[in-house]
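Between the sequences and the hints, there should be enough to build the whole structure, so can you do that?
6 protein chains.
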Amino acid sequence: MKKVLVIAPHPDDETLGAGGTIRKFADAGYDITVLTVAVHMPPLYSAEVPETTTREARAAQEVLGVRNSIFLDKPAVFLGDIPTAEFNALILDQVAASTPDILLIPFYDRHIDHRLIFDACMVAARPVGPGKNISLVAAYETISETHWNAPHIEPNFTPNFCVDITEQIDAKLEAMSSFSSQLHEFPGPRSVEALKALALFRGSQAGYGYAEAFHVIRMGAELFI
Amino acid sequence: MKKVLVIAPHPDDETLGAGGTIRKFADAGYDITVLTVAVHMPPLYSAEVPETTTREARAAQEVLGVRNSIFLDKPAVFLGDIPTAEFNALILDQVAASTPDILLIPFYDRHIDHRLIFDACMVAARPVGPGKNISLVAAYETISETHWNAPHIEPNFTPNFCVDITEQIDAKLEAMSSFSSQLHEFPGPRSVEALKALALFRGSQAGYGYAEAFHVIRMGAELFI
Amino acid sequence: MKKVLVIAPHPDDETLGAGGTIRKFADAGYDITVLTVAVHMPPLYSAEVPETTTREARAAQEVLGVRNSIFLDKPAVFLGDIPTAEFNALILDQVAASTPDILLIPFYDRHIDHRLIFDACMVAARPVGPGKNISLVAAYETISETHWNAPHIEPNFTPNFCVDITEQIDAKLEAMSSFSSQLHEFPGPRSVEALKALALFRGSQAGYGYAEAFHVIRMGAELFI
Amino acid sequence: MKKVLVIAPHPDDETLGAGGTIRKFADAGYDITVLTVAVHMPPLYSAEVPETTTREARAAQEVLGVRNSIFLDKPAVFLGDIPTAEFNALILDQVAASTPDILLIPFYDRHIDHRLIFDACMVAARPVGPGKNISLVAAYETISETHWNAPHIEPNFTPNFCVDITEQIDAKLEAMSSFSSQLHEFPGPRSVEALKALALFRGSQAGYGYAEAFHVIRMGAELFI
Amino acid sequence: MKKVLVIAPHPDDETLGAGGTIRKFADAGYDITVLTVAVHMPPLYSAEVPETTTREARAAQEVLGVRNSIFLDKPAVFLGDIPTAEFNALILDQVAASTPDILLIPFYDRHIDHRLIFDACMVAARPVGPGKNISLVAAYETISETHWNAPHIEPNFTPNFCVDITEQIDAKLEAMSSFSSQLHEFPGPRSVEALKALALFRGSQAGYGYAEAFHVIRMGAELFI
Amino acid sequence: MKKVLVIAPHPDDETLGAGGTIRKFADAGYDITVLTVAVHMPPLYSAEVPETTTREARAAQEVLGVRNSIFLDKPAVFLGDIPTAEFNALILDQVAASTPDILLIPFYDRHIDHRLIFDACMVAARPVGPGKNISLVAAYETISETHWNAPHIEPNFTPNFCVDITEQIDAKLEAMSSFSSQLHEFPGPRSVEALKALALFRGSQAGYGYAEAFHVIRMGAELFI
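Protein chains in written order, with the working numbering: chain A, 30 to 254; chain B, 30 to 254; chain C, 30 to 254; chain D, 30 to 254; chain E, 30 to 254; chain F, 30 to 254.
Treat the hints loosely; a few may be bogus.
Pairs count within a copy or across copies, as identical chains cannot be separated in the list.
Computed list of lysine to any residue pairs in SDA-like fashion (alpha-carbon distance at most 25 Å, straight line) [said to hold, decoys possible]:
1) K32 / D199
2) K161 / G217
3) K225 / N178
4) K161 / L252
5) K31 / Y59
6) K225 / E203
7) K31 / E91
8) K161 / A118
9) K161 / E214
10) K161 / Y74
11) K32 / A57
Source of the hints: derived by calculation from the structure; they are not laboratory data.
As structure tokens, then:
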């Protein structure tokens with residue numbers, strides 16, 4: 030039974046980027062932990078946002094079959110105020126505690142929190158210390174932010190790992206519908222329609238019905254042998 | 030009134046990659062020419078394929094508002110047998126004859142014909158001779174083939190130009206439905222569902238409902254000033 | 030009549046990178062705003078520098094036909110001290126206020142201020158909120174700094190949009206000559222000779238006499254249809 | 030039990046690039062096929078070369094635990110004379126016949142045969158038809174040729190999949206020693222010393238003792254779930 | 030005294046790309062060989078072109094201080110008809126004969142001949158056999174063709190080696206003026222004005238007056254120790 | 030006699046990345062300065078670490094023939110706390126003081142200190158002011174950290190400059206053995222075995238026995254003419 034750690038910058042990123050995959054892994058009996066690093070707080074956001082989005086995330090993660098849900102409650106958009114060494118230690122400790130076989134992290138994209146968390150995850154994922162026993166490190170896409178990187182100036186997302194979620198697409202969309210505070214109306218980029226279309230496109234790209242797409246960063250044959 | 034030349038490797042590529050944009054341009058009164066370079070022929074394909082697909086293309090292009098439709102009837106997958114100088118001249122002559130302001134060409138992708146045509150188009154599009162007066166050269170994506178390039182070994186499609194086709198998506202799908210010999214059933218990558226999903230995803234990426242995506246190769250301010 | 034917002038890290042960047050284009054747009058009746066974010070200040074620079082360069086910039090921008098000139102007077106090389114959220118809001122508010130059709134920003138290059146401003150501009154330029162109605166986002170090159178990025182380690186400037194400034198090259202050089210405090214003698218990289226040579230080279234690359242070169246980040250057909 | 034197809038341009042490439050991995054897979058009970066496409070022939074090579082290298086390859090593959098060994102005996106360096114459609118069909122038929130879960134192919138590198146075979150493999154590996162059921166497509170490095178691509182002009186090999194071959198390194202080197210006609214003396218790039226050093230370096234990069242490195246082209250969760 | 034081999038696809042490429050550097054090397058007493066591979070011939074070009082351009086090249090190379098001038102007289106644009114093995118041998122033999130310390134080759138750009146010659150040069154430049162003793166392999170830019178590669182789809186020229194030709198710029202332009210059959214009037218991309226502007230821009234990029242720019246492919250410390 | 034400045038983030042990086050090259054340069058009579066920027070300090074590291082590693086570095090550098098050894102003693106992992114302008118000035122002053130012909134700097138890799146120092150070095154290395162007279166700027170690889178960058182998201186190390194250290198490999202390994210506090214046991218990535226294997230692999234890649242590899246950032250012909 031594999032152990033999986035999904036690192037989400039904010040509540041909903043785990044669902045947007047890897048919701049179907051999480052459910053597929055849960056259906057296969059894997060032990061899933063979701064670590065949510067930040068939450069939108071005053072003064073940038075209103076006071077009830079943290080509680081609301083955390084509650085929504087718990088509901089979504091229940092749909093997805095997440096066993097362990099951890100919220101670090103760091104302030105969104107202010108992660109840069111945490112000293113690098115401290116922030117790296119924060120993430121490393123979580124990786125050390127959950128001893129994952131599979132680590133899913135956000136792609137380095139337009140959102141500053143995604144970038145800082147990507148960097149800290151990359152440090153934690155090094156093949157020494159706690160990272161040594163990870164068989165697969167992969168980055169997921171977050172609809173909108175990932176596709177807003179500047180073409181050919183910043184890294185552009187081109188997946189090499191697509192997970193067939195044809196049987197999990199309904200669960201993913203149901204989980205997403207838990208985030209009523211976060212969902213846009215179509216044609217907003219975080220609408221249910223856009224999320225479903227991206228999954229169908231990724232599926233078509235890889236020979237499946239619906240899929241979620243990842244960029245493999247590091248992998249060993251322990252993953253499957 | 031702008032003149033547009035769309036170069037399609039095979040019948041249906043113009044619709045797959047730029048059908049909505051063609052219709053949008055036609056609606057704006059632009060003069061559209063579609064040049065289809067190759068056609069699937071015996072011995073690789075059965076004898077009726079050329080006639081069928083050409084007829085389908087004419088029907089689709091009528092839906093899209095194409096004014097001039099040219100078929101060079103070169104044998105698909107055997108374009109490499111034509112000497113480079115001759116093939117370049119073939120495309121250059123067409124560019125010279127149609128004097129486009131906007132040139133839309135296939136992305137350099139997994140299909141050998143797309144690659145050879147891309148190369149010839151790039152020669153014809155050089156800012157000297159007939160290419161000098163082109164204001165915009167852009168490459169469109171062909172669902173499936175474009176997304177089958179090897180990630181990070183071959184060029185990967187990352188668009189920097191998205192055309193809002195929210196009002197043309199129905200026309201695009203209607204045009205596509207003309208290609209009954211080419212369409213796949215969902216979840217095939219050339220299904221109506223996949224095409225619509227890609228358009229919705231591209232739209233979500235660019236702030237529109239539905240969109241078609243392009244990679245800008247060369248542009249001048251004459252395009253809009 | 031299109032509205033254009035040019036974001037300059039320091040006084041002179043708008044002229045170095047886009048002076049001819051600004052003048053061409055002004056000649057076409059466009060409404061041009063230049064936002065200058067930072068200025069060189071004590072203790073790194075002597076006390077009269079801010080006033081001098083701002084006065085030079087106003088003179089240059091008058092030559093170029095700029096209608097609105099905004100100076101935020103942030104301290105050059107110390108932009109990193111401004112919290113990310115605050116700095117993003119600063120730029121976003123200006124984009125919201127000027128509602129541009131065309132947004133020209135500095136390329137992500139060797140100068141730390143160019144990098145931080147590029148990042149904030151990319152956030153403001155996202156196709157949601159104030160950024161939604163921008164038809165063209167493009168990055169200009171700043172002679173010297175842009176060409177000092179590490180080859181193949183950092184992003185390298187390869188233009189896909191060249192603006193013919195053959196009729197504006199004299200105005201560009203005249204505007205540049207306003208910056209007597211900033212100009213180098215040839216063979217300094219910010220000499221009039223170097224600036225003219227770059228314009229002639231970019232022109233030769235694109236089939237024009239003189240040109241300015243840009244990297245298209247995001248574009249919609251609203252730009253020209 | 031997984032089925033593996035390794036495509037080798039010439040006798041020895043399967044051992045150079047994936048010998049330890051093949052043995053590891055064989056030890057795990059996987060069913061391994063090696064398809065060797067070309068062989069060095071007169072007039073470029075002396076008459077006994079084909080027989081010698083094929084015999085050496087059979088000996089090496091026996092050490093590695095290869096179950097099926099197929100030699101197409103196409104003329105090395107003259108693969109370009111085979112029409113593209115025919116060559117693609119040749120590879121596709123082999124993929125269709127062996128129905129692999131895992132497909133290992135040569136990286137697109139300095140050797141023209143490696144390039145042409147890479148291209149044909151990419152066509153065969155598309156997620157339609159025979160390629161649809163492949164769970165993993167990855168490219169291996171061939172010591173010397175892969176590292177002779179022009180830096181930053183041609184694709185450069187940067188692995189994201191390293192297979193721990195600490196327990197198979199001896200078998201790999203033993204297999205390699207079968208190719209007495211191909212081995213160089215140290216410091217030749219195809220010496221036993223160089224091969225062992227590369228394996229140790231790849232191991233150090235990934236937290237193992239010895240490893241072989243691959244570039245993942247396409248992967249699905251069927252690989253491990 | 031170093032030996033230098035400059036490989037020119039056609040008469041004038043050696044001057045366009047490396048004329049000032051050749052002269053600088055000659056001034057330093059280096060032994061320079063220029064190998065011109067192809068020439069423009071009937072039926073694509075008129076009958077007197079080969080003689081004219083070869084005579085012009087000899088005149089130009091005399092200005093530049095070239096000691097050995099070799100013309101292979103292969104037909105321009107038809108190099109693809111020569112079998113790969115034969116073409117590789119042709120270039121390899123020349124490299125073997127001239128035993129260069131420094132090898133300057135054309136960048137892989139929009140001209141098919143430049144691409145084929147680049148490939149053959151890369152084979153000849155491998156650090157085995159005749160290539161083993163080369164201390165520096167670098168690719169030069171050919172004004173126009175090199176800058177017409179598709180941005181971010183094909184390799185884009187970003188130099189990491191600039192040669193100060195401030196004292197050789199006059200000789201370079203004089204040599205170029207020998208090619209009266211090839212020169213364009215300004216604003217043509219192969220005008221004397223464009224060539225001089227590019228040299229001034231490259232100089233400004235690297236801290237010199239005028240410069241020629243190269244992409245280093247392979248270098249050893251033997252170059253300077 | 031050339032002057033060389035090697036910038037090491039921490040004690041041992043100069044030996045890991047360029048130890049053999051330093052010794053080769055010293056053997057050739059070059060004047061070598063090593064600038065070590067940071068040191069591991071409390072509270073992240075125990076109190077004796079700074080003294081130990083500095084003493085080890087002095088011993089190693091004596092083996093390598095370093096003439097001038099400078100330690101700035103900045104706190105490792107906390108370099109980000111130093112304001113950018115101040116940190117840039119710190120490095121620039123050292124470059125100005127040592128007036129190098131050759132500047133060797135760390136590659137931009139997984140270690141935050143390497144990134145910050147790379148950035149400051151790139152500013153100091155600009156071809157203006159103190160950087161104007163540098164003939165060669167190149168980045169070395171640091172075993173482990175350099176190879177832990179995310180493939181195809183972050184810059185990946187692909188060398189274009191390999192220095193033959195066949196005669197210096199013993200000195201390099203002896204120097205490395207001075208760092209008893211930093212060395213890992215095999216199969217740790219900083220073991221003597223891994224270091225030797227990397228050198229042998231780089232040698233095999235470039236036609237040498239053992240080599241060190243670099244990425245050329247900027248070079249002029251003054252290096253060798």
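Query raised in the report: Which hints from the list above does the structure break, by number from lowest to highest?
Result: The structure conflicts with no hint, since it agrees with every one listed earlier.
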